[in-house]
Structure formats: structure tokens, C-alpha cells
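Trainee: Residue numbers (the working numbering), protein chains in the order written: chain A, 1 to 307; chain B, 308 to 385.
One or more of the hints may lead you astray.
What the hints assert, rightly or not - Examples of chain A residues lying across from chain B (beta carbon under 8 Å, computed): (1) 40; (2) 44; (3) 223.
Keep in mind the hints are simulated off the structure, nothing from the lab. The structure presented is a predicted model; accordingly, all values stated were derived computationally and were not measured. All C-beta atoms in this analysis are idealised placements derived from N, C-alpha and C, irrespective of residue type, glycine included.
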Amino acid sequence: MEINRGDGSLGAFLAIQSGLVMKAIHLLGSEEQRQRWLPRLARLDAFGAFALTEPLHGSDSVALEATARSDRDEYVISGHKRWIGNASFADVTVVWARDSADGQVKGFLVEKGTPGFRAEVITGKASVRAVWQTDVTLTQARIPAGNRLPGASSFKDAGRVLAASRNLVAWMALGHALAAYECALTYATQRQQFGRPLAGFQLIQDKLVSMLAEVTAMQLYCFRLARLAQDGRLTDTIAALAKRNNARKARQVIADARDILGGNGILLDYHVMRHMADIEALYTFEGTDNIQTLIVRRDITGVSAFR
Amino acid sequence: MLYPDVGLPRDTDYFLLHQELSADEREHWDRTRSFVDDEVLPVIADYWDRAEFPFPPAGKMAKLDIIGGGIEGYGCPP
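Work out the full structure, taking the sequences as your base and the hints as a guide.
Mentor: Structure representation (C-alpha cells):
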């Protein structure tokens, strides 16, 4: 949360490195893979990337098209991935591909320098600009069979990694919202118009209190989520409701903060505009607002509206 | 900048949730906060503007013991 109070791009980088890559290797990797990668990733002696999303499969990544074919003591992987943070410099990329032997989605560790692996930074981003997200192309990339994650035998296992990190996203949204609220509060107490601080006007006060109410509620969501996670009781529907709430509320709090900062609110120096741009990525990644809604509605009504 | 204090942390915690944290957890949180204030906020707008990955501050995150926090399962703030 503190990292996202600082910056969403760094927060995204951390979520990828720690929440996705390390979690995948820890949950689904062999002991040898864990020993080989986790300590280095934790010390940032190695960088990681997590390649699940494809140009044609975002929310429906369950239908991903990248393939993996067993060939003696290797796997041959081909396909396209999109929005993959860190992949242009990562030492290891967790690539999710469909095993041609059984049609199941599995996880594979593709190391830096593997021939047939190419990652190009996506340019022209107006959100989380300081994290390099890439288009990844795998063209008959060969990896040792020992680089398959043995615990990943179907898409459900990729889902387990994602579910574990959805908890983080609620905290990330809170970080952005807190940053914006606090910037707005400071600004409103210092800037004067018509002979008094902005904070002396009732409309501004009302706005600040509403923002505080939302931020406080988001904090409660986050703390509860943390305790449930600690006790092993956090489900993906709980995390989905939290992400939905916190991402929506953060977006509104940040917009209100930008408004309070007036013209200065569009300057990067005053931070809020950067958070406003960055919350857009967060609103969509790790499960869009619509998807979080469908997940929870399916849970409470028993009826799926995915198709 | 006319209002240079904008961006400094204000410890917003209206329902006193930080008091639920253990001393260790609070120390960990404070260390991360200081890192953000000292190493990230002064430079990040420029990296963002230039769409450059901030390798120097990112590298320093390793010393905070926050990478791999997700593995323990506790929602330690990233």
C-alpha cells in the first residue's frame, strides 16, 4: 500500500515480482525451482515476469492460445502474450501455455536469452508509464522439461496464483486513494482564495469528509482481507468484492482530489494526476470491475452471467 | 512549487487501524513509508513522464523485506 501511495508503476512492478512470479514458483514449483529462483527474486538479484494475458484473451485468459509441446527432454512453446510487465529485462518469465498432450494450461519458466523469446516494450501508455509492459512473442522457444512448474496441471492452478494476488490489489487501490486524499487535504489547508483557505469553504469540507469516509472504509476492507488471508480463509469471491469496492472508490476519491487541487491538479509535481492516470490501469488489471462484479453475483445468486 | 508539502504523508487512520498491528508490523510499515518519501517521491514523476523504469529506487526495494511478502500470505502492504 505504501508503495502505491508513492507510485502505481512501482506498485505494479512489485505485484508482478512478488505477488505473481514468486507466488507461482512457491505454490506450483518444484523444490529445486524454488531454491533456484525465490531467494534471487526476493533480493532483486533476478527479475521476474508473468505471462498469462494474450492479445485476444484478457478477461477470458482461460481460453488462452499459446501452446507447449513436449519434445523428448524439452518443451517447445509458441504464442503471443500482451501487457507483460518486466519481460523485456526479466531473468525468468512464467509463461502459461496449453500443453498439446492434454489440452490443459500449464506454467513454464522461460529464462532470459532463450532463443525464440522476444519481448517488446509497449509504447504510448498513459497509465503506469514507469513500468515497462511488453508484447511477448514465443516462436518455437525450447526450454528444458525441468522448467515446467510441476504443480500447474490446469488453468485452475494459474487461478490460484491470481486469487492470492487479488488481495494485494485492494491494498494498492487504497495506497493511491490515500495519496490523493492527503494531497487534497494539505492543499486545501494551505491554498487560500477569497481571503481564506479552501478548507474553510463548506463545499470543500463536505468533499474532504466524503473522501475520508471512503478511504476509511477502504482501510477496513484491507485490514479485514489481511486477517482473512493470514488465517487461510480468504476466498476469491471475498477478494473480488474488495477489489471492486476499493478500485471504484479510489477512482472517485482521486478525481475529487484532482478537482480540489484545481489547475495545479493537472501537474505531475502535485502527484494527484499521476495517481489518476495510474488508477485506470488498476481498475482494469487483475480482473476488470465487470469481472469482479460477475464473480460476486455468481456467488450470491448461484447464476453465472459470464456467457 | 507553491505548495511543496503536498505529497507528504499525513498518517490518515481515522478508525485507528494501525493500532491493530504488532510492533514488528508497524516498524515494517514505517520503513516502507520512509523509503517512499525519501527514495520514490522526489524522483518518480520524472521517470513516469519519460516512461522510464526506475531501476535505482526499484533496486533499493530489496532491502525493505517486502518482496516475497505475498508468500507468507499476510496482506503486507506492497
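Trainee: Decide, hint by hint, whether the structure agrees.
Mentor: Now for the hints, and whether the structure bears them out:
no., hint, in the structure
1, 40, "violated (10 Å)"
2, 44, "holds (4 Å)"
3, 223, "holds (5 Å)"
Of the numbered hints listed earlier, the single one contradicted by the structure is hint 1.
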